[in-house]
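Number of protein chains: 2
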Amino acid sequence: MKEVAIVGVGLCKFGVYPERSVRDMGEEAIWNALQHANVQPKDIQIAYCGTVGWDPSLGCSQHGQVMLDLVGITGIPITRVENMCCTGSCAFREAWIAVASGLYDISIAIGVEKMSPQQMGDVKGEKGITTLFQGNDMEGSMGLYPPNLFSMMANRYQERNGISREELRKYMALVSVKNRFNGSLNPNATFQKTVTMEDVLNSRMIADPIQLLDCCPEPDGCAVAILASEEVARKFTTKPVYVAATTQATGIRSEESALEYEEMNQRALKEAYEFSGIGAEDIDVVQVHDCFTISEILWCEALGFAKPGEYGKLLEEGETELGGKLPINTDGGLLAKGHPLGATGIGQIAEIVYQLRGEAGKRQVDGAKVGLCQNEGGLYRGTMGNTSIHILKK
Amino acid sequence: MKEVAIVGVGLCKFGVYPERSVRDMGEEAIWNALQHANVQPKDIQIAYCGTVGWDPSLGCSQHGQVMLDLVGITGIPITRVENMCCTGSCAFREAWIAVASGLYDISIAIGVEKMSPQQMGDVKGEKGITTLFQGNDMEGSMGLYPPNLFSMMANRYQERNGISREELRKYMALVSVKNRFNGSLNPNATFQKTVTMEDVLNSRMIADPIQLLDCCPEPDGCAVAILASEEVARKFTTKPVYVAATTQATGIRSEESALEYEEMNQRALKEAYEFSGIGAEDIDVVQVHDCFTISEILWCEALGFAKPGEYGKLLEEGETELGGKLPINTDGGLLAKGHPLGATGIGQIAEIVYQLRGEAGKRQVDGAKVGLCQNEGGLYRGTMGNTSIHILKK
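So the sequence lines, in the order shown, correspond to chains A and B.
For the first sequence, counting from 1, position 42 maps to 42 in the numbering used here; every step adds exactly one.
With positions in the second sequence counted from 1, the corresponding number in the numbering used here is that position plus 394.
Check the hints yourself; a few may be wrong.
Incomplete in silico selection of chain B near chain A, CB under 7 Å [to be verified]: (1) 473; (2) 474; (3) 476; (4) 495.
Hints were generated in silico from the structure; no laboratory data involved.
Note that CB positions come from ideal geometry on N, CA and C, so glycine has one too.
All chains, please: the whole structure from these sequences, using the hints.
Printed below as a string of structure tokens:
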């Protein structure tokens, strides 16, 4: 298989745009990526478009065709990829395989989502896109929505680790404060204001112990990455960011627990370390799927960035802040940058690319050479539906 | 890139099953494919699931995870792929790239659709899934549905080729009679009854010149293909069917015409011939996307199986019937076998696999060694959204 590098990335600022269409956001993000990559529209040979929902002005699909046509990219294979909240990462991985296989030299991965309820077509008004979760079999019909799913995971975390409610709430609030601070340094974030511990701990209760400021916003947004084989990448950029590994795993149902995620993440991570030859000690900067504050705690421990029950300590010591030993969610994470489903995974990748190219502005992690992203999606009968891990290196 | 073979295929008979779920149809088709391939669930390393719609009992996505779990396939990467009516072919192509790249040894491609309106969730009742087309921008809001789109294409075909209305209707009816006859020999077809020229020409007018028996049914259904690298395929089967080429193209907007499809199909075909080293003269059996009778005529001329305006002659001479020079749509095509969107492309591939393995029963094309499939999908501003061509060989 061929070595593949990311030659450029682009975003449309994550935010609530009732007045903007998917095509409009896509046009902006794709142009930004083409410019960043120094690539012309005619150079792109294959495209993958990750999107979960749809836009009533476009029918249910082929957003990729529509967006790419606007920037003059037509004729090439264009395919939609979907895997719930992990959609963007899966589009990226297909774009990587297409080039790594030797079949294509340059590919584009687009992640896009129009979350504003007023433009979601058949899923209208106050219901919004999260109602799609409602249908999820047993769990959905019994009322399981993401906040109460993660509240159960938080409660189990507390019990397993023998910590007090106050400690749990403190650790969760520390994640919110850290990521909102990082978001305040990111012009592409939905929320660019800092919050205090008091703000978080006094915010409205959503699903105990999850409060309002423990939840990510679900804005509109688009994120794009352009990939090329190593030899072709060098024609376009002096700052290629190599895809050292990109792995994907689904859950294995467990009789013991209805809330499994560790094994799946560990399996995807092990495969990524083995494929890349990179180890935990080499990683300089990380983005994880912090859809809720507890998620960052759970994933970081599953991925071995802290021992079980000890991520809270790292937070207290500031080790995962900017300037800390291992900065996590430097772009604000889903908690501040936002979680426009299909765009999220490629948004994480874009942040790592900015970090490794030294283009992260006030969020820059000095000397960052290797970054890791983790992106989750979906739920099926007590196993998380999918996880993706990407390791990128200079 | 590695040589890849199909080691087995499986179907759930296409039909209207208001009482069956996606998971139920998937379980049947996946077991059939595993058995046909002589492959165990644990052997499968990556899965792609092609589906356009969703099932309210499953939420909007991750049908792949749900169906595969039922047959004991868990943990592996599972990704949904979508490209409107071409969805199945695109899932197949991703499954091919995954193995051809060398990253995986064995992959599975699933195409599934639950078209019965009563189970389509937010798109309910009499509206059904075709309303999704309605939103398609300008065209959709002006009332463009597939039947009137193809009626315009039929009218343009008549004018371009200087044929009479009677000739056009006759040719279209001949396609219906031929494909319904083929369907009568296919236990997996939705419609298994023959029709006469009179039946077709006296059927209800839908969008002049398209009458009821010029239209395909849109049943529920599932189709599955299991792919393996050449060396691994030989461990499982003595009858591997090689993927000589699988290509994909989208349309290029034309100022001259709002109904372009020729150039896109020709481009995908040329690429398939070049990739495989196979030429038109080598092809023994063909499946094309006959969503309407006129579609078979248009695609077959675009693909060079007849000169412009002359496919009618081939039909009159019986050359594309079973026993003719080049049998087309031997499984009954979309017109008789049916068009469950996501399942259609893999259904076509399954038929070619049966033909090349000598397992097509009463539909068997003697000595078939090479087969071709063409599958279309979507529409955007006057260009067909996507086409896929597969060339399979013994």
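So which hints don't hold here, by number, going up?
Those not satisfied: there are none.
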